[in-house]
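**Q** Chain B: place on chain A using the hints.
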Amino acid sequence: MSKKLKQISEKSLFFISKSSEPLFSKKNRALLSDPLDDNNPITVQVLGICSALAITVQLKPAIVMTLSVMAVMGASNVIVSILRNLIPNRIRIIVQLVVVASLVALVDQVLKAFAYDVYKQLSIFIGLIITNCIVMGRLEAFALGNGVWKSFLDGVGNAAGYGFILILVAFFRELLGSGKLYGYQVIPEAIYELGYVNNGLMLLSPMALITVGIFIWIQRARNRKLIEKN
Amino acid sequence: MNRDSNSYTFLFAGIMVLIVASTLAFTSSSLKEKQQENVRKEQMQNILSTIGISVSRDEAENLYKKFIKEEISLKSDGTADTNVNAFKISLKTEIKKPLNDQRFPIYIANVDDSKFYIVPLIGSGLWDIIWGYIAIESDLKTIKGAVFDHKGETAGLGAEITEDWFQNSFKGEKIIDPQGKLMGISVSKTNNDPKGQDKDDYEVDAISGSTITGDGVTDMIFERLNHYMVFFNKLNNESDIKQISYKFENQKNNYLLTRIYGSLREFDKGYVPRKFMN
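Here the protein sequences line up with chains A and B, keeping their order. Numbered per our numbering, the first sequence spans residues 1 to 230. Numbered per our numbering, the second sequence spans residues 1001 to 1278.
Be a bit skeptical, because a hint or two may be false.
Which residues of chain A face chain B? A partial, calculated answer using Cβ under 7 Å [to be verified]:
1) 88
2) 89
3) 90
4) 98
5) 105
6) 112
7) 115
8) 116
9) 190
10) 191
11) 206
Not close to chain B: a few residues of chain A, all C-beta gaps over 12 Å, as computed [said to hold, decoys possible]:
12) 56
13) 187
14) 224
Honestly, the hints are just simulated from the structure, not real lab data. Owing to the predicted nature of the structure, the values given are computational and were not obtained by experimental measurement. By construction, the Cβ of each residue, glycine as well, lies at the ideal position given by its N, Cα and C atoms.
Same shape as in the complex, but just chain A:
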């Protein structure tokens, strides 16, 4: 038993020395760039929509969320990819969940001790990361079947694709909804005096959905191959 386990772990742990591929080969770069456009988690895969609605009222939480999802997805993809040949098939979802949840709990604890202000900023969003289906989706679809470096790129790439849409939506919602960007007033007082009013509807979740819908429309009009046949 131990011999076989050893073999397996050797195969999975010492992956880098074996790979003859350069670190940023064309294929690996595609892992990073694809999720930004052609394979975007939100606009194409339609994953992670719920958190995209919840935290895009302002730019600041959207950016913080993007960074934390990147960290969690990168790390969890790496861990699951290392363990991919050891994880029993029947409990793999549970294992993935445990990996993500404990990473999130760790990050939460460390932030609370050493970066209390960031911790206060994130508060519930840290918990929201666990429920983000992109994390689980990528673990299940990619990290379980691919090497560590590739899984890392895939995780970071998908988080970036998710964050890109998040920040874009938050940009328009904060600008049109409260006239601010990153908490700073950008629409001058003079325009308000002329009768301009902030669009309160932009602050409510339905407008996040509609904004995402408009992005999907623009993306498909530009990129014909995304349109479903039939």
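**A** Just chain B now, kept in the frame of chain A:
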């Protein structure tokens, strides 16, 4: 070993749970002290900011010691309970106790000879608890300042209660009507005073899109302050008594003055010349 066998699955799950549990337990217990220190300093920072002292979290402790003169935990009848450290009371667990067992913390600050009474608040918003501090001036009617915080209110809507513009609108508002009845402050959607110039309307302007969080703030202020009314009334009476004894002291001095000026007879009659009265 077969990766699909039951025993392997159990073994894997067991080892995984052990590793994860011990890692989390270790980080949690080793960081606990530092986390609690952060929470404590933030509490001090919040208390200070209600009386207009903005301070970084690291300096909070020193300034807190400088300005906050008393921490009292009150019983429901308005007397102090010296066995309980007011600063350490966690309102979250306290409000679940029966009323007579509850202790109500109050902080008394002295800044440049003026006294402020700071009351901690707790209530519920839309998603989770909201809390804060409200400082009342020594007339026991006017708000000096307020801070609010929340656990999970919606960013851009309910979470705006932590913003300065909202908290500033409480400054100078009255919480008690001239008859001495507690009015509180309502976060009002029908407030015809969006700039907050009318300080006697017991209202501040609400945040659009966050009705429930706003109502939560309204309820929290009234509910919490209501428990302190016994104490405030007591203070009011005490200060009345003080004023009376002050007058009495003055009269006595006047008698003496009359004596010095030789109007012995008038003194015997208990008469005080009008010009010495105040």
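**Q** Each hint: holds or not?
**A** Evaluation of the provided hints:
1. At a threshold of 7 Å, the smallest CB-CB gap from residue 88 of chain A to chain B is about 4 Å, leaving the interface hint in force.
2. For the restraint placing residue 89 of chain A at the interface with chain B, the shortest Cβ-Cβ distance is roughly 6 Å, inside the 7 Å limit, so the hint holds.
3. For residue 90 of chain A, the interface hint holds, since its Cβ comes within 7 Å of a Cβ in chain B; the closest pair sits about 6 Å apart.
4. Below 7 Å, beta-carbon pairs count as interface contacts, and residue 98 of chain A has one with chain B at about 6 Å; its hint therefore holds.
5. For residue 105 of chain A, the interface hint holds, since its Cβ comes within 7 Å of a Cβ in chain B; the closest pair sits about 6 Å apart.
6. Satisfaction of the interface hint for residue 112 of chain A is found here, the shortest Cβ-Cβ separation to chain B being roughly 5 Å, below the 7 Å cut-off.
7. The beta carbon of residue 115 of chain A comes no nearer than 10 Å to any beta carbon in chain B, farther than 7 Å, and the hint placing it at the interface is violated.
8. Interface restraint check for residue 116 of chain A: the shortest CB-CB distance to chain B comes to about 4 Å, inside 7 Å, so the restraint holds.
9. Proximity of residue 190 of chain A to chain B is violated relative to the hint, the smallest CB-CB distance being about 18 Å (cut-off 7 Å).
10. Below 7 Å, beta-carbon pairs count as interface contacts, and residue 191 of chain A has none with chain B, the closest being about 18 Å; its hint is therefore violated.
11. Because the closest C-beta pair between residue 206 of chain A and chain B is about 12 Å apart, greater than 7 Å, the hint is violated.
12. Some Cβ of chain B comes within 12 Å of the Cβ of residue 56 of chain A; the nearest lies about 9 Å off, and the non-interface call is violated.
13. With a cut of 12 Å on Cβ distances, residue 187 of chain A stays outside the contact zone with chain B, its closest approach being about 15 Å.
14. For residue 224 of chain A, the condition that its CB be more than 12 Å from all CB atoms of chain B holds, with the nearest at approximately 36 Å.
The structure fails to meet hints 7, 9, 10, 11, 12 from the earlier list, while all remaining hints are met.
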